[in-house]
Structures are given as C-alpha cells and as structure tokens.
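Each protein sequence line maps, in turn, to chains G and E. Sequential numbering from 1 applies to the first sequence in my numbering. Sequential numbering from 234 applies to the second sequence in my numbering.
Simulated from the structure, these hints should not be mistaken for laboratory data. Check before you lean on any hint, since a few could be wrong.
As the list claims (entries may be wrong) - Which chain G residues stay away from chain E? Per the calculated CB distances, all over 12 Å, these: (1) Leu-54; (2) Lys-58; (3) Tyr-81; (4) Gln-125; (5) His-170.
Unchecked claim - Just the calculated beta-carbon pair ranges, DEER-fashion: (6) Lys-124(G) x Ala-334(E): 34 to 44 Å; (7) Thr-216(G) x Asn-439(E): 32 to 42 Å; (8) Lys-124(G) x Thr-539(E): 38 to 48 Å; (9) Val-9(G) x Cys-409(E): 43 to 53 Å; (10) Arg-335(E) x Asn-37(G): 49 to 59 Å; (11) Gly-28(G) x Val-405(E): 51 to 61 Å; (12) Ile-104(G) x Ala-552(E): 43 to 53 Å; (13) Leu-478(E) x Val-9(G): 43 to 53 Å; (14) Ala-225(G) x Asp-441(E): 43 to 53 Å; (15) Thr-442(E) x Gly-28(G): 30 to 40 Å; (16) Arg-105(G) x Leu-478(E): 51 to 61 Å; (17) Val-548(E) x Lys-124(G): 40 to 50 Å.
To be verified - Covered stretches of chain E (in silico footprint by chain G; criterion: 3 or more residues with CB under 8 Å from a CB of chain G, positions within the stretch not fixed): (18) 430-437; (19) 521-531.
Computed from a predicted structure; not experimentally measured. Just so you know, even glycine gets a beta-carbon here, dropped at the ideal spot from N, CA and C.
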Amino acid sequence: MLINATNLVAGYGGEPVLNGVDIELEAGQIGVIVGPNGAGKSTVLKSIFGLIGLQQGKVELEGENISDVPPNRRVGLGIAYVPQEMNIFQTLTVQENLEMGAYIRRDDYTSAMERMFDLFPPLKQKRNSIAGNLSGGQRQMVAIGRALMVDPRLLLLDEPTVGLSPAFVHDIIERIIAVARSNVGVLVVEQNARRALEIADTGFVLAGGRNLYTDTGENLLNNPAVAKSFLGR
Amino acid sequence: MNELIFFINKVVLSGAIIGCIYALGAIGITLIFGILRFAHFAHADLMTTGAFFALIFASLLSGVGPIAGLPTGFVVLPLAAAATALLAIGLDRMFYRPLRARNIKPILLLVASLGVTLMLQGITRLFAGTSIRTFFTSEKKDIFRIDVPFDLATRNIVITEPQVLLFVTTIVSIFCLHQFLTRTRLGKAMRAMADNANLALVSGINTDTVVSATWIIAGVLAAAGGVLLALDVALKPDLSFNILLPIFAAAIVGGVGRPYGAIAGGLLVGFSEALAVFNWSLLIRPFADFLPAWIEIPTRLSIVPTEYKLIVPFVILIAVLLWRPTGIFRGQIT
Chain G
1 MLINATNLVA GYGGEPVLNG VDIELEAGQI GVIVGPNGAG KSTVLKSIFG
51 LIGLQQGKVE LEGENISDVP PNRRVGLGIA YVPQEMNIFQ TLTVQENLEM
101 GAYIRRDDYT SAMERMFDLF PPLKQKRNSI AGNLSGGQRQ MVAIGRALMV
151 DPRLLLLDEP TVGLSPAFVH DIIERIIAVA RSNVGVLVVE QNARRALEIA
201 DTGFVLAGGR NLYTDTGENL LNNPAVAKSF LGR
Chain E
234 MNELIFFINK VVLSGAIIGC IYALGAIGIT LIFGILRFAH FAHADLMTTG
284 AFFALIFASL LSGVGPIAGL PTGFVVLPLA AAATALLAIG LDRMFYRPLR
334 ARNIKPILLL VASLGVTLML QGITRLFAGT SIRTFFTSEK KDIFRIDVPF
384 DLATRNIVIT EPQVLLFVTT IVSIFCLHQF LTRTRLGKAM RAMADNANLA
434 LVSGINTDTV VSATWIIAGV LAAAGGVLLA LDVALKPDLS FNILLPIFAA
484 AIVGGVGRPY GAIAGGLLVG FSEALAVFNW SLLIRPFADF LPAWIEIPTR
534 LSIVPTEYKL IVPFVILIAV LLWRPTGIFR GQIT
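Kindly generate the complete structure, drawing on both the sequences and the hints.
Structure (structure tokens):
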C-alpha cells in the first residue's frame, strides 16, 4: 500500500473538520475524493501532506508512519502537493517554477525537466515566460509540473480543473492519467465528480468529515444513492 | 556654461549620490518586507551601526588605507559589512524570530523594530557619544576637479573620492544582487518565498535559510550605505535615522518587495530632493536680459527651502501612488 491514512481527525482549531476519514491508495492508481462543499475534501489532502496536524489517526507511506514529519520533509519522502489556489510562483519564469519544485534535489534534474516539457508541451516554448502571465490551463500545468519535479511517489492535487475551460479540463485529466501510468499514486480532490470518478481506480465520497462510500469509480458512478446525492441526477 | 556646471554639481551629482544611499537602504527594506512581511524600522540605524563598525575597524587598522591608496574607512567596508550582517542575523534571532514563531501580526514586528532602532541608537551613543566623527582625521579626502572643455566654463565639476567609491560600490552591489537573485538556487528561492511563502514551504524550500540570507544581504547593503554616507559627510549617531523616511518612501515608490523598484525609487527620491532644493535663479539669471524689465529675479528661487527638504519624499510618494497605487514596479500588497 502506497499511502494508508486511517481515522484522520483534524481541523483548524475548534470543531474538527475531519471526523475519522480513511484513505488507501496503491502506487500507479488514481484516487478521487468527491463530496459536497465543507465535506473536508481539501482538508484530507492537507493532513496527508502534514500542513495541518492530526488530532487522531495516522498517515503511513509504504508502511512507515509519517504522522509527525513536517511538510517540507515529506517532499523529500516523495509526497508532492498542489494547492488549489496560489499554486504557482507568479513572478518567476516557468523554468524557475520547475527549478523551485526541484529545490530539494541535489542531483542533476535536467531529465526531469525535459520530461515535464514532454508531458506539458505548451510549457516548453514558454519556459522563459513569467508564469503569472500564462493562461489558466497553462498555469495549472506549471503547478502540476512543479510538484512532479521531485519525482514523487504520491501526488496530491486539490481541484486541478477548477475554473478551466472544457478543453483544458480534458487536457489536465489526460495528463493525470499519464502521470499515474508512470507508477505514481495520484490523489485528486474534484468538484466535477462525474468526470473525476470516470478515471478513478478508487473513489472516496465524503460528507461531514466522514467516508460515506469507498468503492471503484465505476461502481460509485453506477450506485443510485451516490448518483442521486452527489452527481446531480 | 558655469551655470550648467553648477547645475551638474548641485543636482545631477548630489541627486545621484543621495539616491544611491537611499537605494542601498531601500533594497534591504524591500527584501525584508518581501520575505518577512513587515516594515523594518530599525534599518536606518543598522546603517549607522555599520558605519560605526567601520570606524572601529578603521581605528584598529589605520595603516591599511594609505597602503591601498583608498580611504581606510572604505578598505574596512567588507569587515564592517560582515559585522553588520552578523548583527542583523542576531537581531532577528533575538527579537523578530521569537515573535514570528508565535504567529503574531506583522504590525507587532514593526513595533518591535521601533524598539530595536531605539536600542541601537542607545548603544551607539553609549559607546561613541554624540559627537560628530570623521574618517579623515589623519587622511586627506581626495577631491577631483574635472575640467570641462568649453571656453566659457571656468568652474569645474567637483566630485570627491568617497562619492566615486559610492557610485562604484552601488553599481557593483546591484550587479551582484541581480546575479544572485536570477542565477543562484538560493536567490531564486528567495524570490519564490517573497512571491508565495506557502508554496515555497510546500516545495520543500528551507525557509530559515532564506530568511538568514535576506538578513545577510540587507545587513551588507545597509553597512555599505552607512559607511559610504559617513565617508561622504561625517559620522554621527543620527546619521541614517534622518534618512529613514526618504528610504521608506523609496521602497514604497519603487513597489514594496521589488529590489529593482527600490533602486529606481531611491534615485527618483534623491533626484527630486536635489531638484526641489536647487536655487533656480542661478540658471535664470543669465537670461535676465531677455526678460521684461519688470520681472525681478529673486536671489533664492527654489521649489522647497532646504530646511523643508523632508517633504519632498512624501510629495513623490503621494504623486507616484496616485498614478500607480502599488509603486513603479507593481509591488506586493500585504
């Protein structure tokens, strides 16, 4: 098991937002977290990355308990996180954004950078452009590319398609599948539940800070209760 | 022609000189704001303290200046800069970092820096007294008089050795800073953290290292500004506190958090001050014959009397912020 988070209880002070969430994901698989607003979807990613402390529960990466490791050291362990907003360095160039993603690497990462340009061809010709001047879809590519520069084992994506035009949504989802094929576990929080569950190996439906359903994406799409409550049908 | 030379001496050179001093101070203020998000009021007294460090090193090593053919105060600048950088890091560890660790509001850091500035002023007065000192007790301050190859010109363009050294030091510092920020891993991380501190943390950037680098750079530049100002005029305990407001105006005018903006802002404020206090009647007088007889040219015709020079940075500040609310280089809004 790549990542095994059990009984996560966490919040921002006061009432916890998560009241015992379980997340499991194998390497090379795509896990999708869906649910209504306020269900704690983003909070799950933040607690797996260590940005907020756990009140209860634990996070294991390949069997090793990493609950007490600070977030900047989890990057070194192979977890990369793309926040929903403000997820690029706007005043830096595209290439500098990727270099910052590789900050902790002391080895030669030019091959990783070339791979990013292969994965996101539009970035190659814009490598010396200021990232803040790019289009929304390209900025999202920079954000994901920055995270992938450490060659992570687990990639955490918080609503990567929010605010993008349908063509770019398709593009980003294609790239997420490509990343997972390279044996990276990808855990995605998505607002666009139907679209996301179509590509999910495992779907986690959250509500009120708890797991409501956990199943394969296909089964969840065909589950009438899920469809009625969360897929707007 | 003499009037033009007078203008060059009084406005072009004076403006550039004080502009460079402002720029050296403002870069530090803008970098600290970009990384730590607070207005570091103790920065001017860090400059003064740097100049006092240089005075101490100069008195210990009084022979080195004549050997190098440069003012001793300038030769010991690297030592003074290192001492000031260490002081800056020490101040951060002792006063600012414990406050940051408690996640307090930036305004409290600003108040803490006011405390630090009073403390630095007290310490320098405690050890050095309040008298005016000079680096040129046993050495001579070289003055270059540059002849202007025009028949009508009898005056010279006058520039002193410390002023030449100031220009050279400023240009070299800015070049090195630019190389650091755009070419090195740590420099890029510094820009990244100023841009988006959370994402810097998420990327695994060691923010403590970046903070230390910021204080080192700010301390070195503050020492350079303080020492060169003291070499140009004289060293007194309120040397730089008097220019705190123009330095802040320069940082804000340039765009807070933008080092190149701080340079532009420093020069803009410096030249504006020089232009505002310049006695324009000297430039008009040669044309008196062409003016109607009833116009009398006053003996003093400056935009602002010298005693009120301090209002110039504020006027520039207001004018620039009306035109561009975040500064020339579009700075960060907290």
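Query raised in the report: Can you name, in rising order, the numbers of the hints this structure does not satisfy?
Result: When the structure is compared with the hints, numbers 3, 8, 10, 16 and 19 turn out to be violated.
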